[in-house]
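Undergrad: What follows is the residue order along each chain.
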Amino acid sequence: NAGVTQTPKFQVLKTGQSMTLQCAQDMNHEYMSWYRQDPGMGLRLIHYSVGAGITDQGEVPNGYNVSRSTTEDFPLRLLSAAPSQTSVYFCASSGIRDRALGYGYTFGSGTRLTVV
Amino acid sequence: ELKVEQNPLFLSMQEGKNYTIYCNYSTTSDRLYWYRQDPGKSLESLFVLLSNGAVKQEGRLMASLDTKARLSTLHITAAVHDLSATYFCAVDLKTSGSRLTFGEGTQLTVNP
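Chains as they are written, first to last, in the working numbering: chain S, 5 to 120; chain W, 127 to 238.
Don't read these hints as lab results, they were simulated from the structure. Among the hints, a few may not be true.
To be clear about the criterion: a stretch of chain S counts as covered by chain W if any three or more of its residues have a C-beta under 8 angstroms from a C-beta of chain W, and this derived list gives those stretches [to be verified]:
(1) 35–44
(2) 47–60
(3) 111–118
Treat the numbers as computed from the prediction; the structure is a model and nothing was measured. Virtual Cβ for every residue (Gly too), placed ideally from N, Cα, C.
Next comes chain W alone, as it looks inside the complex:
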């Protein structure tokens, strides 16, 4: 059974600070996804990480993937209030593109 664990589950940050969200998964996975969700909204795709060592950056967010350690990180640089949201990582299996297994989500609050 594929399991995905995120930590921390809750994160309160000050604007301007840096922090990292961690995502561990239990079996070999083809690819890893990061999503953002605002309250009452759907999921917005942030990154798709396709291979070991993959690194992607968009604005103040940078995601990386280490398939050997079964670990992905989402690094936040110089946080701003607009980044407040819930962030999910998810994986799907190499043999299937039809279904995702999600982590519990990290609720991020950026305080002025």
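Next comes chain S alone, as it looks inside the complex:
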């Protein structure tokens, strides 16, 4: 059981480049979300999805796009990278059934992104 898989683990981009951070889960979870973690600020929600084909913005969505074409995958796209997007990115998933059983969210291992 792989849980939530994020790729790549590390990435360096030049300002203006675009890239996609991948997130996949194999738990058949309905809910998926992206967070960024900056020093001293905890984790902040970027975008989230309640099911395939349904996405919405979180607290800090500017500069990022998402799509959810399948239950398993929730990629995060940086359209034109900026130094302010240097951060650690985490993907998380949770399921309706798991919530009913008292379980929480499963987090991926993170992607450390540097924009120069």
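Could you slot chain W onto chain S? The hints should help.
TA: Just chain W now, kept in the frame of chain S:
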């Protein structure tokens, strides 16, 4: 807007001592989560607190939830060096299981 505040943000303890981390949140929440994060690592789930008065314990850590006061505590008993990490509380809304709002985190250092 849901806000979550933790205090203290930094905590330096001696081994063997007890201490409590506090987590306040601003609106009615369905459930509260505690996570541990080691440097350079992902978040490890510690506790999920589902209702008012909930108390959970694992080893030297005990978490409780008071939904009326909108307060959760993480109590550390007889701290050991291995507990050094950053601890986050987070909440999600009753109507949504899709997104978490996090506190700023408490960086705990346990000194010999």
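Undergrad: So, for every hint listed, does it hold in this structure?
TA: Tested hints:
1. 35–44: holds (count 5)
2. 47–60: As far as the region 47–60 of chain S goes, the hint holds, because 6 residues have Cβ atoms under 8 angstroms from chain W.
3. 111–118: holds (count 4)
Checked against the numbered hints above, the structure violates none of them.
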